[in-house]
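**Q** Residue numbers (our numbering), protein chains in the order written: chain A, 1 to 349; chain B, 1 to 349.
Just to be clear, a hint being listed does not mean it is correct.
Since the list can't tell identical chains apart, any single copy or any two copies may satisfy a pair.
List of simulated lysine-lysine pairs, PhoX-like, C-alpha gap at most 20 Å [unchecked claim]:
1. LYS148 - LYS91
2. LYS79 - LYS195
3. LYS195 - LYS286
4. LYS2 - LYS142
Hints listed in this document are in silico derivations from the structure and should not be mistaken for laboratory results.
There are 2 protein chains.
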Amino acid sequence: MKTITVHASHTYPIYVQNGLLSDCGSYIRQNTKAASVAVITDDIVQKLYSDAVLSSLQKAGFRTERFVFPNGEASKCAKTLLDVYDFLCEKQFTRTDAIIALGGGVVGDLAGFAAATYLRGMDFIQIPTTLLAQVDSSVGGKTAIDLKGGKNLVGAFKQPVCVLCDPNTLQTLPPAIFSDGMGEVVKYGMIRDAKLFELLAAHTQENIFSVLEEVICTCISIKRDVVEADEFDTGERMILNYGHTLGHAIEGYYHYETYSHGSAVAIGMCLMAEKTCSPEQTAALKACLEAYHLPTSVPVPMAELLPFCGVDKKRAGSQLRYIVCETAGKAEIRTASVTDFAAWMEGNA
Amino acid sequence: MKTITVHASHTYPIYVQNGLLSDCGSYIRQNTKAASVAVITDDIVQKLYSDAVLSSLQKAGFRTERFVFPNGEASKCAKTLLDVYDFLCEKQFTRTDAIIALGGGVVGDLAGFAAATYLRGMDFIQIPTTLLAQVDSSVGGKTAIDLKGGKNLVGAFKQPVCVLCDPNTLQTLPPAIFSDGMGEVVKYGMIRDAKLFELLAAHTQENIFSVLEEVICTCISIKRDVVEADEFDTGERMILNYGHTLGHAIEGYYHYETYSHGSAVAIGMCLMAEKTCSPEQTAALKACLEAYHLPTSVPVPMAELLPFCGVDKKRAGSQLRYIVCETAGKAEIRTASVTDFAAWMEGNA
Numbered sequence: 001m002k003t004i005t006v007h008a009s010h011t012y013p014i015y016v017q018n019g020l021l022s023d024c025g026s027y028i029r030q031n032t033k034a035a036s037v038a039v040i041t042d043d044i045v046q047k048l049y050s051d052a053v054l055s056s057l058q059k060a061g062f063r064t065e066r067f068v069f070p071n072g073e074a075s076k077c078a079k080t081l082l083d084v085y086d087f088l089c090e091k092q093f094t095r096t097d098a099i100i101a102l103g104g105g106v107v108g109d110l111a112g113f114a115a116a117t118y119l120r121g122m123d124f125i126q127i128p129t130t131l132l133a134q135v136d137s138s139v140g141g142k143t144a145i146d147l148k149g150g151k152n153l154v155g156a157f158k159q160p161v162c163v164l165c166d167p168n169t170l171q172t173l174p175p176a177i178f179s180d181g182m183g184e185v186v187k188y189g190m191i192r193d194a195k196l197f198e199l200l201a202a203h204t205q206e207n208i209f210s211v212l213e214e215v216i217c218t219c220i221s222i223k224r225d226v227v228e229a230d231e232f233d234t235g236e237r238m239i240l241n242y243g244h245t246l247g248h249a250i251e252g253y254y255h256y257e258t259y260s261h262g263s264a265v266a267i268g269m270c271l272m273a274e275k276t277c278s279p280e281q282t283a284a285l286k287a288c289l290e291a292y293h294l295p296t297s298v299p300v301p302m303a304e305l306l307p308f309c310g311v312d313k314k315r316a317g318s319q320l321r322y323i324v325c326e327t328a329g330k331a332e333i334r335t336a337s338v339t340d341f342a343a344w345m346e347g348n349a
Numbered sequence: 001m002k003t004i005t006v007h008a009s010h011t012y013p014i015y016v017q018n019g020l021l022s023d024c025g026s027y028i029r030q031n032t033k034a035a036s037v038a039v040i041t042d043d044i045v046q047k048l049y050s051d052a053v054l055s056s057l058q059k060a061g062f063r064t065e066r067f068v069f070p071n072g073e074a075s076k077c078a079k080t081l082l083d084v085y086d087f088l089c090e091k092q093f094t095r096t097d098a099i100i101a102l103g104g105g106v107v108g109d110l111a112g113f114a115a116a117t118y119l120r121g122m123d124f125i126q127i128p129t130t131l132l133a134q135v136d137s138s139v140g141g142k143t144a145i146d147l148k149g150g151k152n153l154v155g156a157f158k159q160p161v162c163v164l165c166d167p168n169t170l171q172t173l174p175p176a177i178f179s180d181g182m183g184e185v186v187k188y189g190m191i192r193d194a195k196l197f198e199l200l201a202a203h204t205q206e207n208i209f210s211v212l213e214e215v216i217c218t219c220i221s222i223k224r225d226v227v228e229a230d231e232f233d234t235g236e237r238m239i240l241n242y243g244h245t246l247g248h249a250i251e252g253y254y255h256y257e258t259y260s261h262g263s264a265v266a267i268g269m270c271l272m273a274e275k276t277c278s279p280e281q282t283a284a285l286k287a288c289l290e291a292y293h294l295p296t297s298v299p300v301p302m303a304e305l306l307p308f309c310g311v312d313k314k315r316a317g318s319q320l321r322y323i324v325c326e327t328a329g330k331a332e333i334r335t336a337s338v339t340d341f342a343a344w345m346e347g348n349a
């Protein structure tokens with residue numbers, strides 16, 4: 001069993017092991033005093049994994065309740081959240097009980113926000129079942145829902161009491177969803193770990209599974225190190241947004257359709273690399289992303305994307321902070337006015 | 001100017017002064033870097049005070065926006081909260097802006113929860129305009145909304161960057177709302193401060209105004225001391241719930257109509273005193289409450305109230321914690337099973 005220990009407002013373990021899902025109850029039992037657990041999941045994950053999880057939880061002595069909502073980003077909304085609240089109320093959950101998020105980022109974000117706010121906070125456990133959720137959403141404590149006005153506009157910082165990653169669950173992922181996660185995995189290599197980047201560049205989507213447990217642990221450790229230095233996201237943690245300023249703009253331009261988050265981040269990294277990296281580094285980044293079936297460009301003129309950077313909520317006042325990696329493994333935070341950033345990206349500065 | 005400093009997850013000042021409202025902008029300016037502030041208030045307070053507040057804020061250089069909702073507990077719901085979120089989004093508030101709660105407990109709880117969660121947290125400023133909000137809601141960081149299933153079921157801990165109490169605003173309160181606050185004021189005397197209790201017992205609702213600034217400061221200081229020892233409400237802070245176990249039951253029995261929170265707490269204190277205090281102390285408590293037009297008994301058999309204690313969210317598992325003050329100024333936390341508590345209150349144990 002590989003265990004990564006995270007020191008946030010409280011200390012908690014992330015367990016990574018193939019096959020972990022069917023023994024989750026005993027690990028969760030070690031980390032919460034809850035009598036009852038609410039397993040929140042989506043309809044796709046429910047069919048695949050919720051019976052195994054519930055059975056292991058019951059074996060460990062928990063009363064279990066299950067809340068299922070339709071898969072997809074559209075469910076990460078106030079309506080679903082209010083349904084979860086009513087469900088917790090109806091099933092008489094108390095402050096000393098726990099919520100388990102079983103699924104991808106949508107499930108984790110929504111269930112985590114419910115756990116942060118129902119009765120002003122219950123224990124929260126994550127069982128991420130997508131690559132993106134395992135390497136990204138499971139560390140950092142960010143939870144959120146979307147509003148009509150934008151993604152992740154409402155949320156809270158909520159640290160889990162433990163996280164259980166079972167890489168076996170990634171084998172049932174559709175290839176496109178796996179690729180989506182690889183966008184963030186490549187990002188970790190670029191911002192902090194040249195060796196990870198090389199390992200990824202030496203593999204493809206078709207043969208990465210043999211080293212995936214190691215890759216997941218490395219990504220989690222990188223995120224852990226960055227987040228521990230900046231739990232409340234006011235400085236250094238910003239480097240995790242590499243590729244995201246333009247990535248979010250691409251997602252916004254396409255109304256969060258067409259490109260997945262990981263695909264948009266992949267393009268965002270490439271657009272930034274073209275401005276700041278050597279031709280060799282840019283080519284290596286693109287080749288690596290292509291090996292995981294990720295896009296490296298977008299058929300939209302920069303001028304049409306840029307307005308969508310301007311509404312990025314990370315914009316502080318009229319200033320924009322963005323991340324540059326001139327070489328793999330080294331990230332820096334730069335600041336520009338929205339105007340100067342636009343001129344620079346359009347090649348006029 | 002009287003200033004009480006609170007040491008919570010961050011340190012912040014509570015300013016108490018007659019007439020403070022019309023100079024609020026300069027004090028708020030000292031405590032936030034916000035460019036824009038959203039003043040959230042209800043339709044009654046808006047007419048009385050929001051022009052003075054907005055004008056002072058604008059003089060201090062803030063861009064101001066105002067969100068007004070109907071006065072009353074019914075507004076402390078998900079619907080109003082979502083409207084506030086949409087308002088903040090539409091007016092393009094950022095993470096570095098601030099929310100100001102101008103009003104009583106409903107406004108403070110709802111605006112505070114919005115400030116805790118919009119963009120995962122903005123600066124929050126409280127200008128409480130009821131006695132209850134000045135002595136109770138403004139310290140401790142508890143924010144919440146109600147669900148159909150119960151009051152305050154969804155919320156967060158959110159410390160303000162500053163609190164401004166202007167006792168002059170209490171002069172426009174309807175007498176019943178003033179009494180409501182006095183229920184909590186008497187509670188502070190009972191749990192921690194025999195001198196405060198004597199001061200209150202020596203006055204009436206009709207002549208308390210001359211010492212009210214002092215009384216407010218004393219209550220805030222007591223709550224500050226208790227909360228500082230227990231920010232996340234896991235132990236000692238429980239003593240603030242004196243009168244609340246049965247008080248909440250009374251509120252629940254009457255569907256939060258008939259009795260205000262302060263009135264229900266007043267009755268809750270008397271019911272507990274009858275079980276645990278000397279006849280003299282019980283009589284003194286009742287006389288004091290009556291001087292502020294508060295009720296001291298309820299025309300409902302204990303057996304009918306008790307089921308409403310059982311659904312108290314403060315119940316941990318099947319155990320109930322409740323507060324006893326045998327003499328004014330001294331509180332202790334006791335624990336019983338829901339069953340034993342019921343037998344004891346019904347006089348069968």
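**Q** For every hint, state whether the structure bears it out.
**A** Here's how the hints hold up against the structure:
In this assembly of identical chains, the alpha carbons of LYS148 and LYS91 lie at most 20 Å apart only when taken from different copies (14 Å versus 29 Å within one copy). Taking CA atoms no more than 20 Å apart as the test, LYS79 paired with LYS195 passes in neither setting, with 44 Å inside one copy and 50 Å between copies. In this assembly of identical chains, LYS195 and LYS286 lie within 20 Å of each other by CA distance solely inside one copy; the values are 17 Å within and 74 Å between copies. For a Cα distance limit of 20 Å, the shortest separation of LYS2 from LYS142 qualifies neither inside one copy, at 23 Å, nor across copies, at 38 Å.
The structure is inconsistent with the numbered hints 2, 4, although it conforms to all the rest.
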